[in-house]
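Quick note, the sequences are listed as chains A and B, same order. With our numbering, the residue at position 25 of the first sequence is 25, and numbering never jumps. With our numbering, the residue at position 70 of the second sequence is 70, and numbering never jumps.
None of these hints come from the bench; they were simulated from the model. All the given hints hold, so there is nothing to weed out.
A pair counts as met if it fits within one copy or between any two copies, since identical chains are not told apart.
Straight-line Cα separation of at most 20 Å, SDA-like style, residue types lysine to any residue; simulated pairs:
| hint | residue 1 | residue 2 |
| --- | --- | --- |
| 1 | K61 | Y10 |
| 2 | K61 | P5 |
| 3 | K88 | L78 |
There are 2 protein chains.
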Amino acid sequence: MIINPETIGYLAATLTTASFLPQAILTIRTKDTESLSLSMYSLFTLGVFCWLIYGIYLSNKAMIFANAITLVLATSILAFKIYNILFKKG
Amino acid sequence: MIINPETIGYLAATLTTASFLPQAILTIRTKDTESLSLSMYSLFTLGVFCWLIYGIYLSNKAMIFANAITLVLATSILAFKIYNILFKKG
Numbered sequence: 001m002i003i004n005p006e007t008i009g010y011l012a013a014t015l016t017t018a019s020f021l022p023q024a025i026l027t028i029r030t031k032d033t034e035s036l037s038l039s040m041y042s043l044f045t046l047g048v049f050c051w052l053i054y055g056i057y058l059s060n061k062a063m064i065f066a067n068a069i070t071l072v073l074a075t076s077i078l079a080f081k082i083y084n085i086l087f088k089k090g
Numbered sequence: 001m002i003i004n005p006e007t008i009g010y011l012a013a014t015l016t017t018a019s020f021l022p023q024a025i026l027t028i029r030t031k032d033t034e035s036l037s038l039s040m041y042s043l044f045t046l047g048v049f050c051w052l053i054y055g056i057y058l059s060n061k062a063m064i065f066a067n068a069i070t071l072v073l074a075t076s077i078l079a080f081k082i083y084n085i086l087f088k089k090g
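Okay, chain A solo, but in the shape it has when bound:
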């Protein structure tokens, strides 16, 4: 059986994005960010942004697809975290 390498790329994109979804849904639904680390999410969000830029440079659709979705989710979580730090208790 020969697997198209691009299929591996899309499988990778789907799996890592899907693994991030439950945390994103939980945070967006509850707005509770107390157990999340600001420094970890800041590094992660900036990293995903860089992967997206790099994916656009490589014209790699699997990288663009995965990182665009993850960036929206990670930015939402980070925004809730920063809002809670500024206006609530953490």
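The hints should help you fit chain B onto chain A, whose structure is shown.
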């Protein structure tokens, strides 16, 4: 200022790998996996494995570097989780 696109790739690789390190160190040090999700880590580990294979196919060093390190860390966490489920309380 012109930034080399490969630098963006390595920056992305370093940032997302670094953001995963604190969780990995905490889990490997404490061996406590109760608050970690088996399904989430299974999807993530399989996804990182696919990104590594895809990176090898693309001969992309930043992708290989980031995903090889993350795969070792994620597999260690998953192994602790499965061990704890089988022999301890979760």
